[in-house]
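**Student:** Residue numbers (the numbering used here), protein chains in the order written: chain W, 7 to 353; chain C, 7 to 353; chain Z, 7 to 353; chain H, 7 to 353.
Be aware that one or more of the hints could be misleading.
Intra- or inter-copy, both count: the list cannot distinguish identical chains.
Said to hold, decoys possible - Taking lysine to any residue and the SDA-like style, the derived pairs with C-alpha atoms no more than 20 Å apart in a straight line are:
(1) K205 <-> M261
(2) K15 <-> V353
(3) K122 <-> Q149
(4) K15 <-> P37
Rather than coming from a laboratory, the hints here were simulated on the basis of the structure.
There are 4 protein chains.
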Amino acid sequence: MSGNSIGNKFKLTTFGESHGAAIGGIIDGCPSNVVLDLDAVQLELDRRKPGQSKLVTQRKEADEVVFLSGIFEGKTLGTPIAFQINNTNSKSDDYDLLKDAFRPSHADFVYQQKYKHRDYRGGGRSSARETAARVVGGAIAKQIIKPVEIIAYVSSVGSISVNKKYTELNLSLTETNDVRCPDVEIAQKMEQLILETKKKGDTVGGVVTCVIKNVPIGLGEPVFDRLEANLAKAMLSINACKGFSFGSGFEGTKMFGSQHNDYFNEYGSTKTNFSGGIQGGISNGMDIYFDVAFKPVATLLQPQEMLTTNGTLEVIKGKGRHDACVLPRAVPIVEAMAALVIADFMV
Amino acid sequence: MSGNSIGNKFKLTTFGESHGAAIGGIIDGCPSNVVLDLDAVQLELDRRKPGQSKLVTQRKEADEVVFLSGIFEGKTLGTPIAFQINNTNSKSDDYDLLKDAFRPSHADFVYQQKYKHRDYRGGGRSSARETAARVVGGAIAKQIIKPVEIIAYVSSVGSISVNKKYTELNLSLTETNDVRCPDVEIAQKMEQLILETKKKGDTVGGVVTCVIKNVPIGLGEPVFDRLEANLAKAMLSINACKGFSFGSGFEGTKMFGSQHNDYFNEYGSTKTNFSGGIQGGISNGMDIYFDVAFKPVATLLQPQEMLTTNGTLEVIKGKGRHDACVLPRAVPIVEAMAALVIADFMV
Amino acid sequence: MSGNSIGNKFKLTTFGESHGAAIGGIIDGCPSNVVLDLDAVQLELDRRKPGQSKLVTQRKEADEVVFLSGIFEGKTLGTPIAFQINNTNSKSDDYDLLKDAFRPSHADFVYQQKYKHRDYRGGGRSSARETAARVVGGAIAKQIIKPVEIIAYVSSVGSISVNKKYTELNLSLTETNDVRCPDVEIAQKMEQLILETKKKGDTVGGVVTCVIKNVPIGLGEPVFDRLEANLAKAMLSINACKGFSFGSGFEGTKMFGSQHNDYFNEYGSTKTNFSGGIQGGISNGMDIYFDVAFKPVATLLQPQEMLTTNGTLEVIKGKGRHDACVLPRAVPIVEAMAALVIADFMV
Amino acid sequence: MSGNSIGNKFKLTTFGESHGAAIGGIIDGCPSNVVLDLDAVQLELDRRKPGQSKLVTQRKEADEVVFLSGIFEGKTLGTPIAFQINNTNSKSDDYDLLKDAFRPSHADFVYQQKYKHRDYRGGGRSSARETAARVVGGAIAKQIIKPVEIIAYVSSVGSISVNKKYTELNLSLTETNDVRCPDVEIAQKMEQLILETKKKGDTVGGVVTCVIKNVPIGLGEPVFDRLEANLAKAMLSINACKGFSFGSGFEGTKMFGSQHNDYFNEYGSTKTNFSGGIQGGISNGMDIYFDVAFKPVATLLQPQEMLTTNGTLEVIKGKGRHDACVLPRAVPIVEAMAALVIADFMV
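Given the sequences, and given the hints that come with them, work out the whole structure.
**Tutor:** Right under this line is the structure:
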């Protein structure tokens with residue numbers, strides 16, 4: 007078990023180090039004879055791309071996806087869909103001084119302990135660059151699961167939060183600002199905080215909220231492969247993710263059952279939706295919604311004390327480019343992971 | 007894919023409806039030639055058992071586990087360990103009036119939609135009774151992963167919370183009270199709240215905190231099968247679970263990177279532990295700690311509006327016994343699931 | 007990976023040592039709302055049972071299957087079906103002298119090397135008794151895959167072979183004799199050979215041929231999970247199996263392509279069937295047929311030289327009961343394994 | 007389940023259509039910090055390559071493998087190893103007349119039925135070209151499992167067979183002739199038969215024998231994932247494979263147990279090896295040996311009757327290039343599959 011695959015029936019396997027030749031993946035289990043919109047896949051990738059706005063890392067990567075198999079005359083063959091994104095930013099000399107140092111709160115140290123050999127250039131496989139392959143997989147999944155719709159947005163950055171529920175927001179405003187927050191006033195404050203943080207060479211965390219609409223009844227298996235369990239695993243597999251909650255979440259723990267129960271309308275929909283669209287591990291047809299917590303990125307452009315391979319502690323200043331806040335770029339990744347989970351239950 | 011198994015190398019498969027002949031399971035992948043303490047397994051099961059205190063459901067179940075295979079002359083054979091717990095409480099007539107009704111926030115409705123046939127007596131497979139099999143599996147896992155130690159406790163009930171970190175608590179006090187809260191003053195308040203809630207026929211939620219100590223460096227796979235991802239999935243697979251966070255969790259999203267980074271001591275331990283013992287999906291040798299949110303139980307002993315199979319809404323009063331608060335009984339279940347996840351990476 | 011499960015979607019996991027408390031299994035992935043004929047399951051088990059005729063081992067086992075879950079009001083719930091067969095023959099003292107000896111061509115030696123601890127009574131897990139659980143699983147699979155029909159028969163014992171193809175035989179005669187050979191004249195010769203062999207305390211091998219009729223087009227996945235690959239694995243997982251071939255088999259290697267190609271009729275059936283009903287790993291709707299080779303049973307009732315745990319060689323005479331020829335009892339096992347493979351592709 | 011992966015711990019996933027952009031794969035689970043000889047991988051690929059001798063198809067393919075990830079500074083990282091072989095022979099117009107025709111004994115018909123859309127150019131995914139990716143995976147596996155050694159050779163072509171056991175042959179002569187048969191006299195006859203067959207536009211089948219030496223005791227899991235079961239599945243997953251037998255094989259079914267049992271030497275080796283190195287599903291340290299049957303290739307350069315998508319039968323003459331006998335090229339493929347199976351049990 008080495009865990010570079012997700013899904014049982016709609017399975018994505020990813021490969022690639024951040025500063026190797028390429029990253030990419032294989033989707034096994036995609037239904038055949040489906041027309042794929044490959045431009046839509048590239049657009050999703052562009053939403054995750056470095057350099058897309060002043061808020062995100064200015065690392066230059068073209069991030070163009072090329073498909074190698076599984077598609078013929080514009081339609082899926084039902085065979086594996088292999089794809090590749092070449093790594094064009096080879097400025098790996100930025101990382102030379104990290105060859106013998108373990109950055110705090112990075113994977114450097116545990117990789118060295120576990121594998122005895124690591125690609126120290128930019129984190130190699132532990133780099134969030136790996137998530138580009140997930141976005142490709144998720145973009146294809148999104149097309150397979152239609153009319154199910156997945157919409158994520160930034161609901162907090164540091165201590166600045168949207169104080170409305172998703173039902174009170176106009177989610178179509180999400181992509182109108184660089185933060186990807188549908189509450190445009192709050193978005194401005196978030197943007198300011200990110201830019202200030204960036205100026206200091208520091209980073210800040212936040213929360214992404216995700217909503218899944220038009221879900222058919224019956225997705226999920228009732229014991230270990232519950233829909234919420236697979237969503238939780240998918241989200242916690244994203245770099246920097248620290249938590250997942252769905253429906254009433256942690257707040258719901260403070261409620262009484264008489265407040266929390268979702269009473270039925272006739273024909274099976276419910277009057278409230280504290281359950282978050284899932285009961286007994288299985289979708290009940292209501293909206294699914296959940297929160298995903300992200301810690302502040304560990305890469306700082308400040309001098310930091312690092313552990314060296316000699317067992318000494320040394321202050322080293324990070325170079326290069328980084329995200330002061332991953333939240334805007336996390337939005338398409340959360341959507342992609344959700345799409346992969348849903349597709350795995352739908353195909 | 008029907009999802010009644012968890013784990014790849016140390017795999018537990020469970021079976022059984024709450025009012026069928028028996029529940030139980032098979033553990034596949036247990037190492038051979040290990041002396042097993044079967045009394046310790048029964049003791050874990052007793053911690054989950056109905057009727058153990060005035061705080062929990064008074065349903066009568068002996069919950070005695072019988073082992074059918076995999077153990078010979080007191081030691082594991084490396085072959086599948088099958089076990090069984092007979093269902094002795096057959097008062098299924100309590101449920102007759104639920105044959106044609108779907109309780110709010112239960113799995114009744116989605117089971118009927120998905121499977122077209124269900125065991126309506128007590129929820130059948132969707133009953134939390136299934137978790138008894140998990141506790142047996144986890145109790146064996148605990149013995150396999152020694153000296154790794156797993157300790158869970160109740161950290162909130164409704165709005166009453168322990169306001170200290172686990173490091174400030176004497177965790178050995180957890181089992182001294184029926185709530186299983188190591189802060190004995192808070193425990194008393196929690197107990198009072200549970201009893202009051204019970205008197206009203208209502209229920210209340212809460213949070214379990216879990217700590218894993220003596221973890222070797224290197225557990226977890228860095229992409230999709232991260233240690234935290236598998237823990238999240240395991241926890242979200244428990245009935246009534248609404249959320250999971252580890253290390254700094256949702257609070258950590260409000261911090262700056264310069265505050266959140268865990269700086270190294272020489273030799274690889276860290277001065278702080280916001281990371282919660284996991285970096286890049288892999289254990290770093292520090293304590294792992296996480297929170298698990300539970301909603302209030304949906305079964306109320308109050309009249310509630312239910313949907314009937316005829317598509318009408320009717321007010322029906324629940325009968326029988328129930329947990330006003332699952333938290334005390336959730337503690338051994340959380341520990342069991344954590345042990346299963348850790349064992350899967352250690353064997 | 008410990009390999010006590012077969013199937014991905016229709017998955018059987020088995021447990022149990024031959025002289026432990028019980029053997030049994032769990033079927034995960036059985037469709038819901040299917041009426042099951044449990045008497046038919048017991049009848050299949052009776053076809054595998056010791057003591058059913060003078061040709062097979064006289065070991066006394068009731069072999070009564072009990073179902074513990076997954077069935078309610080006569081229909082499947084879609085939840086795991088757990089079942090159990092108690093071991094009633096506890097004459098394990100027959101095996102005391104084998105505690106410190108490794109029988110030739112048995113698993114005793116490799117089990118000791120691999121697991122360091124073994125249940126020496128009758129082979130424990132390596133005993134062919136484990137196949138009883140497969141027959142139960144297969145008997146349920148047979149009901150799920152209707153109208154697909156699976157018929158196996160003994161086509162050779164030692165050097166005595168049926169010299170006709172399955173299409174030239176009246177397969178309904180198979181169960182009219184104890185050998186389970188539809189060519190009744192040949193069956194008599196086989197019976198004589200088995201009885202003579204038994205008298206000498208010796209054993210003899212043979213071949214089972216299996217035919218699958220009414221197969222829908224499209225079963226099988228074209229690369230690694232080909233229909234023939236999964237059948238081969240299933241057959242080679244039966245104790246004492248030494249080989250598998252399908253369609254034209256080893257004889258077909260001597261043919262030229264111009265002789266071997268199966269030309270189409272209109273609408274897709276073929277004029278010949280050297281392909282054995284499978285092309286490119288996928289069923290083409292024609293009959294599937296294959297041969298399964300079984301070596302002579304290793305347990306002899308003759309004095310044999312064994313290796314002892316002290317590293318010496320000693321002549322020891324086997325006691326107890328044994329099959330002089332497994333072929334008659336292998337017939338229902340081959341059918342069961344085929345049914346499990348087909349079900350896994352059909353559910 | 008779509009079955010484009012093999013292995014649990016050392017897992018190869020392949021992709022690619024014969025006339026698409028590229029074929030290739032991902033190896034997940036390769037141990038870290040191992041020096042890889044990539045030239046040795048290319049050499050294995052050259053053994054499978056078209057055009058390598060006058061006996062095989064003259065289709066022109068460079069078959070150069072490029073590695074994209076998982077290797078850094080010459081050593082494995084423990085991360086996925088992705089690789090790619092570009093398809094340089096794009097003469098797909100040879101196949102235009104097959105767009106609407108289903109060739110006899112090819113996968114064309116079942117692909118169309120199952121997937122409703124297919125890449126008709128050269129068989130697409132059903133082409134044996136896919137096996138090039140397996141050879142790359144196997145070549146890496148071979149390096150991981152050292153000192154285990156895997157040697158295959160052609161033991162029959164049509165009716166011409168090597169009549170000696172592998173122990174009586176000088177296996178180092180295998181690669182001295184184009185047929186890959188270590189009995190050089192027989193090899194000449196085989197070569198003649200292949201060339202004659204080719205001249206007629208016909209094809210012929212045969213058998214590959216494979217030997218695995220230096221196997222550690224203990225590989226294989228005793229019930230469903232037996233070593234021989236996984237080998238059988240791996241072999242039957244190769245295009246055109248019709249059968250598998252190991253050790254005494256089909257001939258062994260004619261023996262008596264008293265002849266067939268392998269008696270021990272002191273210390274656990276055996277005097278004979280009818281068991282073929284496997285007992286109870288587990289390697290016993292003796293040589294493993296097995297036979298793999300291949301039917302004659304279905305592609306003929308003769309006029310053949312085909313079924314058209316209109317449901318009519320038409321005589322069409324195949325164009326282009328083909329193998330008159332796959333046996334010489336099957337040798338490295340059999341070795342690769344064996345290496346993948348062994349690696350999966352050893353890592």
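**Student:** Each hint: holds or not?
**Tutor:** Hint check results:
{"no.": "1", "hint": "K205 <-> M261", "in the structure": "between (42 Å within a copy, 16 Å between copies)"}
{"no.": "2", "hint": "K15 <-> V353", "in the structure": "both (7 Å within a copy, 13 Å between copies)"}
{"no.": "3", "hint": "K122 <-> Q149", "in the structure": "between (41 Å within a copy, 19 Å between copies)"}
{"no.": "4", "hint": "K15 <-> P37", "in the structure": "both (10 Å within a copy, 17 Å between copies)"}
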